[in-house]
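With chain Z held as given, fit chain P onto it using these hints.
Protein chains in written order, with this note's numbering: chain Z, 1 to 639; chain P, 1001 to 1245.
No lab work stands behind these hints, which were simulated from the structure alone.
Incorrect hints may appear among the rest.
Within a straight-line C-alpha distance of at most 27 Å, the following computed BS3-like cross-link-like pairs (lysine-lysine) qualify [what the hints assert, rightly or not]:
| # | chain 1 | residue 1 | chain 2 | residue 2 |
| --- | --- | --- | --- | --- |
| 1 | P | Lys1004 | P | Lys1235 |
| 2 | P | Lys1244 | Z | Lys281 |
| 3 | Z | Lys111 | Z | Lys79 |
| 4 | P | Lys1002 | Z | Lys454 |
| 5 | P | Lys1244 | Z | Lys235 |
| 6 | P | Lys1217 | Z | Lys135 |
| 7 | Z | Lys281 | P | Lys1154 |
| 8 | Z | Lys429 | Z | Lys454 |
| 9 | Z | Lys379 | Z | Lys473 |
| 10 | Z | Lys380 | P | Lys1154 |
| 11 | P | Lys1222 | Z | Lys231 |
| 12 | Z | Lys2 | Z | Lys170 |
| 13 | Z | Lys207 | Z | Lys177 |
| 14 | Z | Lys33 | P | Lys1217 |
| 15 | Z | Lys28 | Z | Lys58 |
| 16 | Z | Lys235 | P | Lys1235 |
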Amino acid sequence: MKIISKDDFTDFLNALIGDDSWNVIGIKSKGSKFAFGPLESAEELRLDYDVSLLPPKKYFFPQRETLFTYDLSEGFSTKNPEEPKPMVIVGVHPYDIVALLHMDEIFRETKSDPYYFKKRDASIIIGVNIQRISKWNFSSFMGCDVIDYGYDLMLTDLGNRYAINVGSQKGGELLSKYGKNVTAALARDIQIAGQKKREVMGLSQQKFDFPPELIPELLKDSYTKSGFWEKHSEKCLACGSCVLVCPTCYCFDVKDNPDLSLGHGERIRTWDGCLLEDFAKIASGENFRATRPTRYRHRYFKKGKYLFDRFGFISCVGCGRCSSNCLPDIANPVNLLNDMYHESINSGSQIAASTTEPDVNIQTEGNIDYVPKLATVIKKQPMTSNEILFEIRLDGGSELGHKPGQFVEVSVFGIGEAPISLSSSPTKKETFELCVRKLGNVTTKLHKLDVGDKVGIRGPFGNGFDVNSLTGKDLLFIAGGLGIAPLRSLFNYVLDNRKDYGRVFLLYGCKEPKELLFGDELAESTSRGDVEYKSTVNWCPENETWTGNIGVITTLIPQVSFDPERTIAILCGPPVMYKFVIADLKAKKVHDDHIIMSLERRMKCGVGKCGHCQINHLFVCKDGPVFNYSKIKGSPEAL
Amino acid sequence: MKPKVAFFDFAGCEGDQLQVANLEEDLLALLGQVEVVSFREVMKGHSDNYDIAFVEGSCTRLQDEDRLKQIRKNAKLVVAIGSCAAIGGINSLKNYKDLDSVKKVVYGESGKLFDSYAARPIDAIIPVDAYVYGCPIEREDFLHVVKSLLLGKKPEIVTYPVCVECKKNENVCAFERGQFCVGTVTRAGCNSCCINEGTICWGCRGLVDNPNENSHKEVLIKYGLTVDDAIGKFKLYFGWQEAKR
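Bound-form chain Z, shown alone (with noise of 0.2 Å):
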């Protein structure tokens, strides 16, 4: 531990302000509140800060932030943005500097963000121990009141001196190389500088009234837990000041802001949140957690269970942020978990804390790209009135590499990006498909396309169905409407290695006969002899001709003998599909894990960040789009 007075601190803080070679920003005063911000000069620093409005996050993930800018002039180009300029953060709290960490882990997790880590990278955290607490900290509880670990230097205030302990080779090369006059710590400074860092933490209001740790365990029972999430959630203006104000918040969202020449432009993403009405939204209309109580329910979750069975984290660092935004005064996870605790004990319940930690295996593989890779449309072909079949190719001759049930999301410059599956079977390899449905901006767009325009295409993304496991099985494919372009890409695949394969059946239904896709394709493979295809419509208008079935996709089922046993049931359709197809897929005695199925959610950075397409503890991204029954059945919000 080293020692400076305050005056040198001064000093050495307008020696930093001085050198343009950094950024230094600082905690200060804005209203009645206070805001991190650039420093102009020492005097403006306010280390006796209770909060800050909005946690330092922001300048290593900022509020909105360019991704890249694309120029269309001349063919296509992309630019990234400029590197960050070193940046000195002096004044954030122990709570805020947990926070970061839970950041570093999560932007590094499966695919490592760029934009994240080089801001982070090129910082250095002064930390300050909290001198006087907001009302509605709880940080002790959640043990983030006292660190020692994660700062480049920690300040503690010593009345007309900080002691300041060094955390980092970089902190103590800042210290010494603009402080002047830092000496060692006698023993009383150490002495003292505990004593302060104590005494404040004993003045929280908030005080869990169960040990924090038996958060997950808690939760786990509650999900269901009658009218309880209905009751606190009543008041909810989803209006998203919870999460939007939270240091470990990291949900967001990908657009593309054109300029007015329409050519050129950036992809930016903003923060959103999982609060928000249309968090959970599909272009179809679908909306997987629609209602507030869903919403307001899914915030505990993420953050005291989904990410605690990941990284071994309650993603709370207790700085009260949530509680003290919320107007109607009931987004406090204080007061929320004790009556869920008081429930749970006066129910009868026993609570007691996991014997077995989560088992937490933190994989980088690479960086997160967000540049799209430029291809072109080979071929163009209408389906339907709705949907169209293109064939794709990228430039410059690199092959896609898919496999089957993997997806693509798909970029029209100036429109954005959308999530579309790959509908051809990786044995094709020049080239891929992807049969759209005209729907939202982008896939509406898309249709306008003519052979020869370009898009960009980031992926494969997603984990495609396990083909090695499938071998020497019996097959039961059934899709519903547009559900058959992503089995197409393993149907096509298992037709191409067919031997491989036992019995093949295809069931397909659609509203109506006008809606059926790949038909003539589909009668081709019944023509194979190694193929049992039946296809039914719900209703057949007048004026068409439909010689099939009439009668919802559950009505196949009974028409084709298959032995349980050694059948894979292989699913996609509308998300209303889903739970009658497996009733009777049960009742016919198939196994839960031979149930297998590709689910459809707002897939939008492909690489399980932005929050969207979480079912639950999945991220549909990357943990799917393809699962197993019996994996994802435990899971409420999948079917």
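Relative to chain Z, chain P alone:
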């Protein structure tokens, strides 16, 4: 060929068209993309041959309806600009009063000679393809809608309230400043411009699709507003929307 655009006004202050006229350097860039064939506030001349009609002002008389229908017939796209056209706006305040007394207050005894009915947004009369909310409209928001239309994109309309933008802008909440705000139930898209400047949200962009009005009225009262004043806060801009709900 550049799309032809025309501007029209009904009951309103023309402040939204003024915002367009005040686009400064963006106006030149915009004129590179569209041909303006009718814009009474800035030019002479008029043509009925246009692709996009921007309509300001609310419909307050029966005879406005024919003119609106004619505009709809001429245009490929109709865009409501400003609160009056998009949500009925401040004009809808009169809908809470007896029409005869309103006419008398405004025109005196000669009020009897004027036609008037409950103020309403233009989509109460004709289908509308896009909306630019606000009183007045925000220039950036106007450009966002225009760019979307030129690119063949349905302009995104956010469904979240102003609080989202306020938080991102790191404003001190108006309630913390002792003021009363309806940003919690008002459609965002303005970048919380009023609160950024130290004042409150009056609700000019109208209610979000699914507002929790009762909860917010409770908040207003909890923070010290009388019940009447809380209801009044909702009347200022939300009149037509509330009547419909």
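How the hints compare with the structure:
1. With a CA separation close to 37 Å, the supplied pair P/Lys1004 and P/Lys1235 exceeds the 27 Å bound.
2. For the suggested pair P/Lys1244 and Z/Lys281, the alpha carbons sit about 25 Å apart, so the restraint of at most 27 Å is met.
3. For the hint pairing Z/Lys111 with Z/Lys79, the CA-to-CA distance comes to about 21 Å; that is within 27 Å, so the pair holds.
4. Simply put, P/Lys1002 and Z/Lys454 have alpha-carbon atoms about 23 Å apart, close enough for the 27 Å limit, and the pair holds.
5. Of the pairs offered as hints, the one joining P/Lys1244 and Z/Lys235 holds, with about 22 Å between alpha carbons and a cut-off of 27 Å not exceeded.
6. About 25 Å separates the Cα atoms of P/Lys1217 and Z/Lys135, which keeps this hinted pair within 27 Å; it holds.
7. Taken as a hint, the Z/Lys281 and P/Lys1154 pair is honoured in the structure, with Cα atoms around 16 Å apart against an allowance of 27 Å.
8. As the CA atoms of Z/Lys429 and Z/Lys454 are separated by approximately 19 Å, the hinted pair is consistent with the 27 Å bound.
9. At roughly 34 Å between alpha-carbon atoms, Z/Lys379 and Z/Lys473 are farther apart than 27 Å, so this suggested pair is violated.
10. Among the hinted pairs, Z/Lys380 with P/Lys1154 is consistent with the structure: their alpha-carbon atoms are about 23 Å apart, no more than 27 Å.
11. Between P/Lys1222 and Z/Lys231, the direct Cα distance comes to roughly 19 Å. Compliance with the 27 Å bound is thereby established for this hinted pair.
12. Restraint check for Z/Lys2 and Z/Lys170: satisfied, since their Cα atoms lie roughly 15 Å apart, inside the 27 Å limit.
13. Between Z/Lys207 and Z/Lys177 the alpha-carbon distance is near 43 Å, which puts this suggested pair outside the 27 Å criterion.
14. For the suggested pair Z/Lys33 and P/Lys1217, the alpha carbons sit about 25 Å apart, so the restraint of at most 27 Å is met.
15. With a C-alpha separation of about 15 Å, the suggested pairing of Z/Lys28 with Z/Lys58 holds against the 27 Å cut-off.
16. Using a Cα cut-off of 27 Å, the hinted pair Z/Lys235 and P/Lys1235 holds, with the two alpha carbons roughly 21 Å apart.
Checked against the numbered hints above, the structure breaks hints 1, 9 and 13 and satisfies the rest.
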